[in-house]
Every structure is written in structure tokens, then in C-alpha cells.
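Visitor: Quick note, the sequences are listed as chains A and B, same order.
The numbering of the first sequence is the numbering used here, which starts it at 1 and goes up by one.
The numbering of the second sequence is the numbering used here, which starts it at 586 and goes up by one.
Hints in this document: simulated from the structure, not taken from any laboratory.
Treat the hints loosely; a few may be bogus.
Short derived list, chain A residues pointing at chain B, Cβ under 10 Å [said to hold, decoys possible]: (1) E19; (2) V56; (3) E239; (4) G240; (5) E248; (6) Q252; (7) L353; (8) R355; (9) E359; (10) E364.
Only pairs whose alpha carbons sit at most 27 Å apart, straight line, appear in this in silico DSSO-like list of lysine-lysine [claimed, not checked]: (11) A/K516 with B/K732; (12) A/K386 with A/K397; (13) B/K732 with A/K463; (14) A/K30 with A/K70; (15) A/K30 with B/K732; (16) A/K99 with B/K642.
What follows is a list of derived Cβ distance ranges for each label pair [to be verified]: (17) A/S307 with B/E633: 42 to 50 Å; (18) B/L686 with A/L414: 54 to 62 Å; (19) B/V665 with A/P438: 53 to 61 Å; (20) B/L652 with A/K70: 30 to 38 Å; (21) B/E633 with A/E336: 54 to 62 Å; (22) B/G611 with A/L414: 16 to 24 Å; (23) A/K466 with B/E633: 26 to 34 Å; (24) A/E146 with B/V665: 52 to 60 Å; (25) A/G44 with B/L736: 50 to 58 Å; (26) B/L736 with A/Q483: 46 to 54 Å; (27) A/K70 with B/T616: 44 to 52 Å; (28) A/R84 with B/Q613: 41 to 49 Å; (29) B/L652 with A/I475: 22 to 30 Å.
All figures in this text were calculated on a predicted structure; none of them were measured in a lab.
Ideal placement from N, C-alpha and C gives every residue a C-beta, glycine not left out.
The residues making up each chain are set out below.
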Amino acid sequence: MTAQEVRLCGLLLQEHFGEVVEKVGRNLLKSGTQNLRAIVHETGLSVDLVKKSLCVLMQHGACSFIQGRKGPGSPTEYKAHCDRMLRILRYPRYIYTAKTLYGDTGELIIEELLQRGHMTMSNTVKTVADRLTQSMDEGSSMDYGEVSSTFSKLVETHFLQRCPPAVGAGTTGSSQTANSTSAAPASSTAPTPESFPDCYRVPQVTLIGRSKRPLASEEGEDQRNAKKAKMDPETHGDEGIYWQVNFERFHQHFRDQTIISAVANKLDQTSSEIVRTMLRMSEVTTSSTAPCTKPLSANEIFRSLPSTYNIPRHILDQYLTLLVDDPMEFVGKAGESGGGMYIVNLNQALANLARATLESIVQERFGSRSARIFRLLLRKRHLEQKQVEDFAMIPAKEAKDMLYTLLSQNLVQLQEIPKTPDFAPSRTFYLYTVNQLPTARLLLQNCYKTVANLMERRLFEAKESKRLLEKSQRIEAILASLQASGAEPEQLTEVEEMITAPEKQQLDSLRLHVNKLDSAENQVDETIFLLESYISSSTKPTSFLNDVDGMWLERKAHFDLDDTARTLRHNGQKVERYTKETAGN
Amino acid sequence: MAGRGRGRRPFGTDPSISRGEGLPPGLQQPTPVFPVMEQKPLPLAGGEEAEYLLALKQDFRGVMKNLPFFIKPAAAQRDVQRYSDKYHSSEQTNSLTDWNLDWRRFPRELQVHIRRRVREGLAFSTMDSSVPVQKKKKKEEEEVLLKLETLEKKEEHEQSSEEEEGGVKKKPEEEEGAEAEEEYDEEELEEETDYIMSYFDNGEEFGGDSDDNMDEAIY
């Protein structure tokens, strides 16, 4: 947890859950795993408030508890999850994606689940149906069945998953993790939701009927009674089964969208459609951490192309060859059977997209010539200053200035290679280099800091004009109530005039600023997503070669990497690059 | 001979300084807060999608503020006790009672029974009086009140408790608000007053800041 991440998490918690939860969350993030007493002591809040805040955090998955780490009888300990809190920034994007894929019903389901953390299916369906009914015309109401079917579709495509059952005394939890595919030791790690076999099984829910239109406001009291009374006795056969949003699946979807749009920008619409088809076919078969999709034969791709794209077979082959030969290396060829086996190199694509992001950041901040130097160093790895000047075709003085600026911003590193044991400056080589992964981490932290700054500025602006905002809200409320009770237009204008013209101007400019800042946060979050995906994909322990070849290697006692690389050339990707690099240097 | 040894210029040498001059004088003040940017940033991406995302975000924030998950800190104690405080604080009833937790998924120790919650709430909101003896006394009296509550009317309660404790805050109202089902309008429930809450608005919040832009007079 870096300082910037903690600061950003604190701001997000404050905006969505209040200051009390923010204090508790921050304390947990900074101090790691703690028990209740320690939290109460350090935050100085009352025990009651701390308990409530912990409940809120756990409801939303931002915190988890571990029973008695030091043997039975030791207190429960709580741990906060920083990355889960940072997801709050991305909620609008999740909701919008659900809307594009599953319409308004899907959008509301995801929105409800994000607001409440986790819920049972029946609760979700009822709430969503009520909300939809409110926005529909008089006299019609939403059928529970429709909402349930959308819910089931979301579960089938893995956008929703069951919450893992609560770890009781650690007994049932550990026995299940032993079966999970992850290699982590059993009792110390929490089970992932996917390690339970029922993760994506929709329960049998008896939920028949239509949602009721809420009664008019005079009978609001009775209706409140009725709602409260109704909540208790109704059970629908799915008690204890809670559902949560599967963020990993959404991230997969975003990643696929980014790859498709990158291909569309670089090549053309048809190639992006081909890539989209390939990704769609391997959606459920590829795990989220796989470096590339399973090989698909050209025949399969041809059959699965959408019917609107009526391209003949040989054109498809040409497109695929073009995609494979493209330096961006999105698509690779994995074999010749079935008319050619093709894969999408997911990790490679992410690395290339991240690299493009880094280059664009340098270009926008320092100018296109600095960007040229940056790109040069990314490709050529280590270069001396003289070489930089020559390759970049920039005069020496300016090249030096730009290099030093980039160096002071930590985007370029200096590597010293001594010729003599004393590092005498005249007898050492000084090489400039750019490492993509550490630079990406640095810029990711910058992004967190940016979003935190944007949020603080927005809060500051709102605080400055608090009185004005409250006044405008009051007036809006008065207007709404007047309109509802059918007042004359003169009364309405009279009320509207309570806000003077300069105040209106102030309000408008305030609204504009707040909207801009909010919009900027959303945009920075897109960059954050890309960099985060790249970093997590490149730090996972992916095998050097995929499974089949790995097994082949195991049969050999010892092997020479060069030889292996040549033998396994059909795999493409990392292996080829390795040989290129060793041959090039 | 500039750059002896194959023209390499490591850290120490700088083209802008000729030999023998030494380093430039250090900065005597902190760097400017908003340094001038040579390259202006690009404009924000607009379009339907961005606007829809913006609307979603602002709606989400607004909704979260009203959910029971939003825990408000206690209202700041003002300098003097006021008569209307008795009627104001009942408006901030504990909204966590709306949220039915499934306690099978949460550790036992986080469970707060209503009785204890009220007592803790008591202790919390009277923390500023910082007299432990008074707190204990109140706790005991609240226990008694809890028992009596189900049998007697609330008005007699408040009068007796207020006489005994002398100007204490509205604990009875909070308990009742937390426990009892609200059968009728909240405003009439607690204190059985005949006035709506805005009657007790003593006007201190109104017009507190300077009114620069007001063209009309305030009456």
C-alpha cells in the first residue's frame, strides 16, 4: 500500500461511506491486520462506531476477517483490501458495460449489487423490478421472471458470482482451498470465490409474480408498514446465498474491448471484427490469467464470423496473415493444422498497449522529440549519450537537455558500467535505459495521485459554495413540491427568482467545474486500468513456455535455451524475442 | 578539450556551465505550487458515453449518501445547550437498523445488541460532558426506563427523567426511535409536541455567511 493509494482509498471511502468509515479504513490500510481492540485504540472512535464501520466494510468486500491466527481463543483480526477499495473508481464503467450488454435491467442489477455489496438473488430481483416499475408507465409493472432471466444470464457469463461462504472457524474454508487450482498454501490464504464448485450456479428461487407499483404518497405510511411487515416472513428458497459482482470478468471484457479498438485503429474494421470473433469464442475457455487464448483454427473462425461480414475464405486467410505479421503482435500463429491455428497474445497485447500509453504520456508532457528519445531507448535498451544523439537525429545540446529532463523525472535510468574497479568518470560507460515495468509502476502511482488531487479539488470547490448549493437545493425542492401540487406559473417564477442572476452564474460555473473534474477522474481511471492490467499480467509467474511444451521439456534432463528456442519456434512470442535479443547483441 | 574520453559527459559536467564556474546558486525558496507548463494538456474526451458515465457516477454518489451504509459522525456539540436540541437530534435516528445483516457471515464480536447499542450511543453522545459518574447514572436510569417504557406513556417518562437528571439530552427519544416500529409520522412520535420540526429551527443557520450578491433585502 503506497502512500498515494492509501490517500486515494481514504477519499473514496469518505465520499461513499462517510468519515467514520474512512478513519477505520485508513487505519486498517496503514497498520495491516489488526484486531478490534487495536483499531478502537488507534482511531479513538467509540467501539460501537468501529463495529458498524467494520460491518460496512465487510459488506462491501473491502475488509475480511480471520479467526484466531495465533491459535483458538485469540481475537478475530481484520484486514483491509486496498485494490478492492480502488475499484470504487470504476463503478460507473461497470454499470455502463452492463447496460450495453444486457440493457436497462442488467444495468440496474449491477447498480444495486454495487450499492449494497452483496445480496441474495431474490432481494435483487425484487428491488430491481420495483425500480423498473417506477420508471414505466402507469398501469404496467415489471415481471419478476424477466428480471430473473437477466440475472441468470449475468451469472452464466460469469459477470456475477456467489460470495464464498463465510469462513467459520477456518475448518470448512481450508478444506475447500485444498481443492482450488491456485498453488497457495491452504490455511493462510482466503479462498477465492472461484474455488467453490457452485460459484456460478443459479439457485432454485421461487419468485413468481409482478412487482407492485408503490402507492401514492398519502398512503405512504401504510405502505411503509406493509413493506416492513412483508420483509420478514417471505423466503424464496435461496437464503444464505449471496451474490457479488465479478470484477475480474468485467476487467477481461474491458481488456478485450481495448484490444479490439486498438486493432480497429491500427488496421481496419474487418480485422477488428475477426479479432472480436476470436476473443468471443475463447471467452469462457480462457482463464483470466492466461497469457494467450487457446488456439483456434481458421476454419472455426470462418464459421463463427458474424453473418454481416460476408468475406470469402481466402480473404480471411489474408487478414489473418496480416494480423500475424503486424509488429504489434496481437495475433500469433500456433500451428498449421485446421487451416492454421491462431491465438491472441493477451499479455503481449497488454504490454504493447501499456507501452503506447507510456510513450503518449511522455509525448504530451515533454514534447515529441523527447518522446522520440524515449521510444528509441525502449527499443534499443541501452544506449550511450552519443548514440542517442545519432539515432534520434537531434542536435547534441538539445538531446542532452531532454535526456536530463527525462532523467530527473525518473522516466529514464542511468546504468554505469565501469572499466576499472574505481568508478572513475572518465573510465566508465554511462548507458541510458528505460525499463518498461518500473516506469509503468511509477506512472500508475502518478495516476493515483492525480485522481486524489482531482477529488480533493472537487470537494474544495463544493465546500466553498456550500451555502449556495444548499440554497439552490431548497429552492428546487420547493419548486418540485409546488409543481406536484399544481401551482400557477406566477408562483413558480416567483420562487425561481429567489436565486439572483449572479448566483445563477456562480452555480453554473460551479457545476461546470465539478463536472469537468468528475469526468477527468473517469478518464484517468481508464489509464489506471490499462497500467494495472499490464503490471498484474507481467508479474504473474507465467511459465516460459505453455503447458504442452513445458511437459516436453520435463522429459529432457537438461537443455540449452538457444536450442530449445529454435526447436519450439512454432510457439512464437517470448521465445522468438529471446533469440532475437541474444542474436542482436 | 571538451569531454575528454570519447565525448562522454556523465553527471558532473553540464553544458550550460563553463569550466571553473561551479554549480549554479541553489534555490532559496520552495518550487512554485503551480509551475508553468510548457505543453498544455489535451482537452477531456467528450461525447455521449463520457456524459453518461458522469451522470452515473454522480447518481451513485448521491444514492450512497442515503443508504444505511453511510455512517455520519455525531453532530458537533454546540457551545450552549439549547431547548431545541431536544427536538433536533431525534431527526438523526440510527439508520443502521434498516439494514438486516446476515450474522452468519460476520464475526460474532461485531454484533451489537440494541440495548447495548443504545447504551453505547448514550455514552458516545454524552462524551463531551466527560463526567463518568453522570454516565453511569444515566445508564442505570436508562435501564430502568427501558423496562418501564413498554408499560407507561413516553411523556411521563421524559418529564420524570428530565426532572431527575436536569437538562439531559434526548436519550429516551433515541432508544424509542431505534427500537419501536414507527407507526406514525416520525415528527409526531417522539416528543408528542404539536409543532413540526421546523418550529424549532431557531434561525441560527440562516444567513450565517455574508450575503455579497443579494440584491433583495432580508426580512
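Visitor: Confirm or reject the claim that A/R84 and B/Q613 have a C-beta distance inside 41 to 49 Å.
Guide: At roughly 46 Å between Cβ atoms, B/Q613 and A/R84 fall inside 41 to 49 Å, so the hint holds.
Visitor: Given the hint of 42 to 50 Å, is the C-beta distance from A/S307 to B/E633 inside that range or not?
Guide: violated (28 Å)
Visitor: How does the Cβ-Cβ distance of B/L652 and A/K70 compare with 30 to 38 Å: does it lie in that range?
Guide: holds (36 Å)
Visitor: Double-check A/E364 for me: the hint is only fine if its C-beta lies closer than 10 Å to a C-beta in chain B.
Guide: With Cβ-Cβ at 6 Å, under 10 Å, it holds.
Visitor: Within a Cα-Cα threshold of 27 Å, do A/K386 and A/K397 meet the stated pairing?
Guide: Distance ~11 Å between A/K386 and A/K397 Cα, so the pair holds.
Visitor: Tell me if the beta carbons of B/E633 and A/E336 are separated by a distance inside 54 to 62 Å.
Guide: violated (45 Å)
Visitor: Can you tell me whether the CB distance of A/G44 to B/L736 sits inside 50 to 58 Å?
Guide: Violated: the Cβ-Cβ distance is about 39 Å, outside 50 to 58 Å.
Visitor: The hint says 26 to 34 Å between A/K466 and B/E633; measuring C-beta to C-beta, is that right?
Guide: holds (31 Å)
Visitor: Using Cβ atoms only, decide whether A/E359 comes closer than 10 Å to chain B, and label the hint accordingly.
Guide: Violated. Min distance 14 Å.
Visitor: A closest beta-carbon separation below 10 Å is what the hint needs, so does A/V56 meet it against chain B?
Guide: holds (5 Å)
Visitor: Does the hinted range 46 to 54 Å hold for B/L736 and A/Q483 at CB?
Guide: holds (47 Å)
Visitor: What's the verdict on A/K99 and B/K642, does the C-alpha distance respect the 27 Å limit or exceed it?
Guide: Since the Cα atoms of A/K99 and B/K642 sit roughly 14 Å apart, the hinted pair holds (cutoff 27 Å).
Violated hints for the displayed structure, listed by number in ascending order: 5, 6, 7, 8, 9, 11, 13, 15, 17, 21 and 25.
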